[in-house]
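Enquirer: What follows is each chain in one-letter form.
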Amino acid sequence: MAKLKGAIVVDTERCKGCQLCIIACPQKVIALANKVNLHGYPYVEAVNEEACVGCASCGIVCPDGCITVYRKKVEE
Amino acid sequence: MAEEREVVLMKGNEAIAHAAIRCGCDGYFGYPITPQSEVIETLAELKPWETTGMQVVQAESELASIYMVYGAAGAGKRAMTSSSSPGIALMQEGITYMAGAEVPGVFVNVQRGGPGLGTIQPSQGDYFQATRGGGNGDYKVIVLAPSSVQEMADFVDLAFELAFKYRNPAMILSDGVIGQMMEKVVLPPFKPRRTDEEVIKQCPWASTGKPKNRERVVITSLELKPEIMEQRNIALQEKYAKIQENEVRFEEQLMDDAEYAIVAFGSAARIAEKSVEIAREQGIKVGLFRPITLFPFPTKQIAELSKKVKGILVAEINAGQMVQDVRLAVNGAVPVEQFGRLGGIVPDPEEIVEALKKVM
Amino acid sequence: MDRNQIVQPENIVCKKPTLMNDNNMHYCPGCSHGVVHKLIAEVIEEMGMEDKAVGVSPVGCAVFAYNYIDIDWQEAAHGRAPALATGIKRCWPDRLVFTYQGDGDLACIGTCETIHALNRGENIVIIFVNNAIYGMTGGQMAPTTLIGQKTSTCPYGRDPQLHGYPLKMADIAAGLEGTCYVTRQSVESVASINKAKKALRKAFEASMAGKGSSLVEFVSTCNSGWKLSPAKANEWMKENMFPFYPKGDLKDTTSL
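Protein chains in written order, with my numbering: chain F, 1 to 76; chain E, 1001 to 1360; chain S, 2001 to 2256.
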């Protein structure tokens, strides 16, 4: 049976920590990292990437286009 | 083979319209105001959008007009507008934006009496507005001052040439006398509008749509970093210095043996021609110096002239504006007086002769 | 499944649009402007109009829009963008010409230019980001500020007696003969973003087909001006802005 597996890559220097991606994600993949970037913004990271299905909700709602979303069909 | 030249009788305002079409203007965007509404009316009647493809739009205001010019000229097209004093006052913001963004828009002021809503009768009261910049910041507009219907026709193409040569707004500073009077005029021959490819080639700085092989163009006067903004301003000042060096235009009549000079522009210069004639008949050796460009002002030439004459009368239909630039050029060498009428009254040649006697 | 097997170029399903360059955008965290910029970039690229698009940016937070989307731009004086767009489109009829304006730019100082460009049916698209406040200058009242809404120039809430009523520009635009497409959209959720993108594409295509003028309003947030977090600002918008500025197509004659 095929399953969709996703992964995200966050451009941490573009991220402003607005957290709209966290709210949009249906799988609770993303959280605010305990770090700041060079601009002083806290940024987000995938803390639960196992659950990511590559729906791209995060990337779509991100106002800064920080998130590249990958998705691959995987045979079980 | 002699070129066929059309000689016609028409108003100055009409000549502007005809000349615009003939010099390959791409767009006229204007608003009616007395005494220059004939410009847009003539264009509307001639329907150049059906012949040359030139766009003619009656905008919702003078504010909108100058910004339509800004948009089209910022995209490399020959775009112009016309108005009269209070309408030009509305356009000042657009003009300083064009100066700051280096957009070659062309506009015509057919001056009327002011201040404020003023009168519909002629005046030359916008000299300061034209040369000192009614908008904000350190900038200059190229100013051409026609004194005949022929010059109204000739200066449209000249204004565009200068505007594009220096990427600077250029204006034709006319007045209600020149705009409304009818004279014989030889209309310029038809020059086709540039093709889109020609515009793109000649104006790589314009916002014509970004091809892959260049950076994006941004037409803007905004720059928040002071170090960069200072450089931009210095570059503008250097440009104005070049214009000052290269583009001064003036005319002299009977100055060779003149002991006195009348300095006048536009319609005042036409009247002063007659004044010179009358004065000469009375035995006064006077000549006429007519600045044609008000920016760049013929400062050097007037300074030279002041070494040869005993006094200068500046005849202008206002309370004393160009006289300041004449005084700066003369720098105290000889007495300089000013004569003008206000409120839309156009002086008689005899009045100027009487005023001249005050200088003697 | 190794992560490296998923993170491969052929598996990309979402990324920053190609037409958006690498300049970091200056907008506040969570600002709707960023999403609208992305949609514009995506639609222009999908239409293959990268080399034919000319945008006109406003005075307002989006004054620097020209720094982010890699097309030719002109910076307009406050409110005058529709006039610039008219001049550009009239002289370059085969270009995709659009304005990008906020509520002060479009509905206050620029009301005249907005209405007349739309009513003349200029083949342009006016993009209206309406967040009911003046963001760039520090959060003053806008012509679209809601009754009771607090801003720095109506700190006790907008009062019709003192400040008059909010303006519904899309409704005005829909009543103008020159418009072919007037719509209100939003960009706070995946569903609304997908709808908004379709609306933007429709408007751009209508302008290229010579159908007349379009107004695409994006009901948006200003979390800085509203003094809310981005997430709370989205909630406030849904509760207060959507009822007053209802979403959907107010006019669509593009198929005629």
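Check before you lean on any hint, since a few could be wrong.
SDA-like, lysine to any residue: derived pairs with alpha carbons at most 20 Å apart [unchecked claim]: (1) LYS1210(E) x LYS2150(S); (2) LYS2195(S) x LYS28(F); (3) LYS3(F) x SER2229(S); (4) LYS72(F) x LYS2168(S); (5) LYS28(F) x GLU75(F); (6) LYS2015(S) x LYS35(F); (7) LYS2211(S) x LYS2168(S); (8) LYS2016(S) x VAL74(F); (9) LYS2227(S) x TYR41(F); (10) LYS1285(E) x LYS1212(E); (11) LYS1300(E) x LYS1225(E); (12) LYS2238(S) x ILE23(F); (13) LYS1212(E) x GLU2050(S); (14) LYS2168(S) x GLU2050(S); (15) LYS2227(S) x GLU2239(S); (16) LYS2015(S) x ILE23(F); (17) LYS2238(S) x THR2254(S); (18) LYS2015(S) x GLY40(F); (19) LYS1225(E) x THR2137(S); (20) LYS28(F) x VAL2013(S); (21) LYS1212(E) x THR2018(S); (22) LYS1239(E) x LYS1307(E); (23) LYS2016(S) x GLU50(F); (24) LYS73(F) x GLU2010(S); (25) LYS73(F) x THR2254(S); (26) LYS73(F) x LYS2052(S); (27) LYS2195(S) x LYS2150(S); (28) LYS2198(S) x GLU2239(S); (29) LYS1212(E) x GLU2239(S); (30) LYS2195(S) x GLU2205(S); (31) LYS2238(S) x ALA24(F).
Stretches of chain E that chain S covers, calculated by requiring three or more beta carbons in the stretch to come under 8 Å of a beta carbon on chain S [to be verified]: (32) 1168 to 1179; (33) 1218 to 1231; (34) 1338 to 1350.
To be clear, the hints were calculated from the coordinates, so they are not data collected in a lab.
All C-beta atoms in this analysis are idealised placements derived from N, C-alpha and C, irrespective of residue type, glycine included.
Enquirer: Each hint: holds or not?
Expert: Tested hints:
{"no.": "1", "hint": "LYS1210(E) x LYS2150(S)", "in the structure": "42 Å, violated"}
{"no.": "2", "hint": "LYS2195(S) x LYS28(F)", "in the structure": "25 Å, violated"}
{"no.": "3", "hint": "LYS3(F) x SER2229(S)", "in the structure": "36 Å, violated"}
{"no.": "4", "hint": "LYS72(F) x LYS2168(S)", "in the structure": "45 Å, violated"}
{"no.": "5", "hint": "LYS28(F) x GLU75(F)", "in the structure": "23 Å, violated"}
{"no.": "6", "hint": "LYS2015(S) x LYS35(F)", "in the structure": "23 Å, violated"}
{"no.": "7", "hint": "LYS2211(S) x LYS2168(S)", "in the structure": "23 Å, violated"}
{"no.": "8", "hint": "LYS2016(S) x VAL74(F)", "in the structure": "25 Å, violated"}
{"no.": "9", "hint": "LYS2227(S) x TYR41(F)", "in the structure": "18 Å, holds"}
{"no.": "10", "hint": "LYS1285(E) x LYS1212(E)", "in the structure": "66 Å, violated"}
{"no.": "11", "hint": "LYS1300(E) x LYS1225(E)", "in the structure": "37 Å, violated"}
{"no.": "12", "hint": "LYS2238(S) x ILE23(F)", "in the structure": "15 Å, holds"}
{"no.": "13", "hint": "LYS1212(E) x GLU2050(S)", "in the structure": "9 Å, holds"}
{"no.": "14", "hint": "LYS2168(S) x GLU2050(S)", "in the structure": "32 Å, violated"}
{"no.": "15", "hint": "LYS2227(S) x GLU2239(S)", "in the structure": "16 Å, holds"}
{"no.": "16", "hint": "LYS2015(S) x ILE23(F)", "in the structure": "19 Å, holds"}
{"no.": "17", "hint": "LYS2238(S) x THR2254(S)", "in the structure": "29 Å, violated"}
{"no.": "18", "hint": "LYS2015(S) x GLY40(F)", "in the structure": "23 Å, violated"}
{"no.": "19", "hint": "LYS1225(E) x THR2137(S)", "in the structure": "18 Å, holds"}
{"no.": "20", "hint": "LYS28(F) x VAL2013(S)", "in the structure": "19 Å, holds"}
{"no.": "21", "hint": "LYS1212(E) x THR2018(S)", "in the structure": "13 Å, holds"}
{"no.": "22", "hint": "LYS1239(E) x LYS1307(E)", "in the structure": "29 Å, violated"}
{"no.": "23", "hint": "LYS2016(S) x GLU50(F)", "in the structure": "23 Å, violated"}
{"no.": "24", "hint": "LYS73(F) x GLU2010(S)", "in the structure": "12 Å, holds"}
{"no.": "25", "hint": "LYS73(F) x THR2254(S)", "in the structure": "39 Å, violated"}
{"no.": "26", "hint": "LYS73(F) x LYS2052(S)", "in the structure": "37 Å, violated"}
{"no.": "27", "hint": "LYS2195(S) x LYS2150(S)", "in the structure": "30 Å, violated"}
{"no.": "28", "hint": "LYS2198(S) x GLU2239(S)", "in the structure": "24 Å, violated"}
{"no.": "29", "hint": "LYS1212(E) x GLU2239(S)", "in the structure": "44 Å, violated"}
{"no.": "30", "hint": "LYS2195(S) x GLU2205(S)", "in the structure": "16 Å, holds"}
{"no.": "31", "hint": "LYS2238(S) x ALA24(F)", "in the structure": "15 Å, holds"}
{"no.": "32", "hint": "1168 to 1179", "in the structure": "violated (count 0)"}
{"no.": "33", "hint": "1218 to 1231", "in the structure": "holds (count 5)"}
{"no.": "34", "hint": "1338 to 1350", "in the structure": "violated (count 0)"}
When held up to the earlier numbered hints, the structure conflicts with 1, 2, 3, 4, 5, 6, 7, 8, 10, 11, 14, 17, 18, 22, 23, 25, 26, 27, 28, 29, 32, 34 and fits the remainder.
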